[in-house]
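Undergrad: For reference, the chains in residue letters:
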Amino acid sequence: MSTATLDLPPAVPAESRVTYLNATTGIKSWLLTKDHKRIGLLYLATITLMFMIGGLAAFFMRLQLIEPQGALVEPETYNKLFSIHGIIMVFFFLVPSIPATLGNFLIPLMIGARDVAFPKLNLLSWYVFVTGCLLALIAIFSGGVDTGWTFYTPYSSTYSHSAVTWMAMGIFVAGFSSILTGLNFLVTIHKMRAPGMTWFRLPLFIWSMYATSVIFILGTPVIAITLFLLALERTLHVGIFDPALGGDPLLFQHMFWFYSHPAVYIMILPGMGVISELITAFSRKKIFGYSFVAFSSIAIAVISFIVWGHHMFVTGQSVYAGLIFSVLSFLVAIPSAVKVFNWTATLYKGSISYEAPMLYALGFIGLFTMGGLTGLFLASLAVDVHLNGTYFVIAHFHYIMVGGAVMAYLGGIHFWWPKITGRLYPDMWARIAAALIFLGFNLTFFPQFVLGYLGMPRRYAVYPPEFQVLNVLSSAGASILAVGYAIPLIYLFWSIRYGPIAPQNPWGAKGLEWEAAPTPPPTENFDVMPVVTEDAYNYQPLKGAHHSV
Amino acid sequence: MLMTVLTQTGLHEIAALFPIQPPAASTIAGGVDQLYYFLTGITLFFTVLIFSIIFYFMIKYRRRAPDEVPPETHAPLALELAWTLIPSAICVVIFFWASYLYVRNSRPPAASSEIFVIGKQWMWHIQHPEGPREINELHVPVNQPIEVTITSQDVIHGFYIPAFRVKKDALPGRYTSIWFEATKVGTYHLYCTEYCGTDHSHMIGWVYVMPQSDYAAWLAGGEQNESMSKAGEHLFGVLGCSSCHTAGGDGPPLQGIYGQTEKFADGSTHVVDDTLIRQAIIQPDSVQLPNYKNVMPTFKGQLDEEQMLQLVAYVKSLGPQERKNGQ
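Protein chains in written order, with this note's numbering: chain A, 1 to 549; chain B, 1001 to 1327.
Here chain A stands alone, though its shape is the one from the complex (with noise of 0.2 Å):
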């Protein structure tokens, strides 16, 4: 292979060197990859399809909401529907989505390592990640899960004559490949840098998956045990959480909302890691405010374990305890207030351009910032009094989840796409799913606001026919949003093939997954491993397109 790998102009095809796709072929050399962007890749169809699963349980459940007497199925199904779009996307696609595809795909590439720091265990989490997968589609195809995605005691360990136990251990399961993918990012950056990567100069995407593997380490056992003792108390009624065998059903939800809070930020914070790339790859700035900008991640990061009693403000909690989860609530808005205020500020007197990246990354902070304000709605007492257990949260969770974390994931694929294929997209085509998204996205979520705060209650199978304009809207909303999201899935899968050929750099992006790495790489990742001399994002004074340090 060449040594001047670097400097080679930009449109060589991919075929004619060796890369980490053509590297060895066969799909026994896919399913026993110890590289970690394969893995990445394998995560990548794992969650697609898992995603989609839990896409056309959303379809349905929209179809139903269409009359208010229901348009579709019985409130049985309907009920499953809502539980299986819950389960699958929290679990089987947003809690792996950023940190398993380009997490794995991306850290070796952007602190200058040859792979992770344990490359079977990498392998060992996706196989046990899609065993985790199979659990679940067992569970779903034995009858499916009535119980939402919130499992409440007693009613999903003594009432419920669904697939209870099966689906639990799915998400059991799974939970083992974020705990082993979080120790293998958390070592990886600790022991693997290159030479003069300090931690200051880190990408910020690093940072937040730093943040995001300390939760997967400290938060994800609580959420196996809770659903362990679940397990247990349906199967061999153990009393735990029934009161009728003695148990306490608030225990529960303590246990559940402790892994669950936190979850919400590793939704989230790898999200917000991806819009520190894209803004100031799109305006050429440093970020704004480096430190303040890692230093909330951690704080997210920390105080996220505080604050799970604001999902139990009506249960009968004390007001005490309420007033003292209130606070701390409000104290996690602070830090994501800031990084919105630092993404905004590193616009300022930047060079922006609008690549279907960009528009992701701009769609997400203003969503973001919207989700998050709606938060202070639910953080308040006397307000979540009101709003709680309605489409108000729907809607505000949406807004983080959906908007934030969904819009931050496909504009990092498109972002990375072409490091990661090779090949360049349409951008015409993604610069209008992009905007399909965001207007469907709107549409669909913003009427459920209105609907909270009129008092129409979630998880309703049926509901007062004063209710069915804006849920008609919405419906038509998510028929948007659907065609958004199927259009980046045509054209990506299209570019494979047919795509042109990408250059190393195409959008002229800092960072050594782009600078020093060849497009695709090879599987060593660097063909003269980097030794970094600048801060990231150092955008002056601004070299060649695809010219490397």
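Hints in this document: simulated from the structure, not taken from any laboratory.
Bear in mind the structure is a predicted one, so any value in this text is a computation, not a measurement.
For glycine and all other residues, C-beta sits at the position ideal for the given N, C-alpha and C.
Worth double-checking, as some hints may not be accurate.
[As the list claims (entries may be wrong)] Which residues of chain B face chain A? A partial, calculated answer using Cβ under 10 Å:
(1) Lys-1060
(2) Pro-1070
(3) Ile-1146
(4) Ile-1150
(5) Ile-1156
(6) Thr-1193
(7) Ser-1242
Put chain B on the given structure of chain A with help from the hints.
TA: Same frame as chain A, but now just chain B:
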């Protein structure tokens, strides 16, 4: 002229199609709504601010040449501190405002009358102390504070009256409570907001707020049940409670015990309230009084929640009259 009429009709219809505010029919609804609109204002302000700045920068700083090099900018500490501290200050204001309302709304006035609610898959059982029982309907008098004691027969339910801005989960094996004072005569939705199984979305009903005289007539009319305490007294005899809980019996006499602070055999002290009486019936050994032998059998599984509430009401009726409220 015709146009105006048409437009007005049109607007009226549109307003009917797009309600943006639920009816506000309790003393606490106004306060909650004020804070809600304040929060909406904050949200609008910052959303518009961020969107405007982004759009302004997008246009002003658009890339004009492919090899353009933007000037370097630095993040002044003052700016970072400003956008950390200003949102913090706003959050402090919201926190105190919301908490003030919450604490106030969680303490029922001393003059409250009582109603009891039992959630059960998939209906609401409502029991008035005077005797009447209802399912999925709740009749209440206007301008009268009412404390609602809530429990569940099976899974967790959520008792929610949007027009009153009140909600509390109904927990199996435990009593929770809310209070409200309706301010407008009318009919309002009652929902279950905690997912409870197949017919969760059918676990809904209506709240009828009536003028006080109508309410009195309603209580007097209809089917005549025993009052809750009378029914409890009946149970007290049938279950054999009365054979021990008398002066000189094996169990403590219950006259006047409700609302007292008692010291228990394990050294703890508790106020004898609804929850404690329920616990004494289910798990007598956990609230053993000193000077009495641990001989009471458990009644766990023998009583439904309605009977439990009737027994509690009977013990309560044995005095003293002043009830402990809120705390």
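Undergrad: Per the CB criterion, is Lys-1060 (chain B) less than 10 Å away from chain A?
TA: holds (9 Å)
Undergrad: Holds or violated: the hint that Ser-1242 (chain B) contacts chain A, with Cβ atoms closer than 10 Å.
TA: Nearest chain A Cβ about 28 Å off; hint violated.
Undergrad: For the hint on Ile-1150 (chain B), does the least C-beta distance to chain A fall short of 10 Å?
TA: Since the shortest Cβ distance to chain A is 9 Å, the answer is holds.
Undergrad: Is the interface hint for Ile-1156 (chain B) satisfied, with its Cβ closer than 10 Å to some Cβ of chain A?
TA: holds (6 Å)
Undergrad: Should the interface hint for Thr-1193 (chain B) be scored as holding, given a Cβ-Cβ cut-off of 10 Å against chain A?
TA: This interface hint holds because 3 Å falls under the 10 Å limit.
Undergrad: Holds or violated: the hint that Ile-1146 (chain B) contacts chain A, with Cβ atoms closer than 10 Å.
TA: violated (17 Å)
Undergrad: Please check whether Pro-1070 (chain B) passes as an interface residue: C-beta within 10 Å of a C-beta belonging to chain A.
TA: Since chain A brings a Cβ to about 4 Å from Pro-1070 (chain B), closer than 10 Å, the hint holds.
Checked against the numbered hints given earlier, this structure breaks hints 3, 7; the rest are met.
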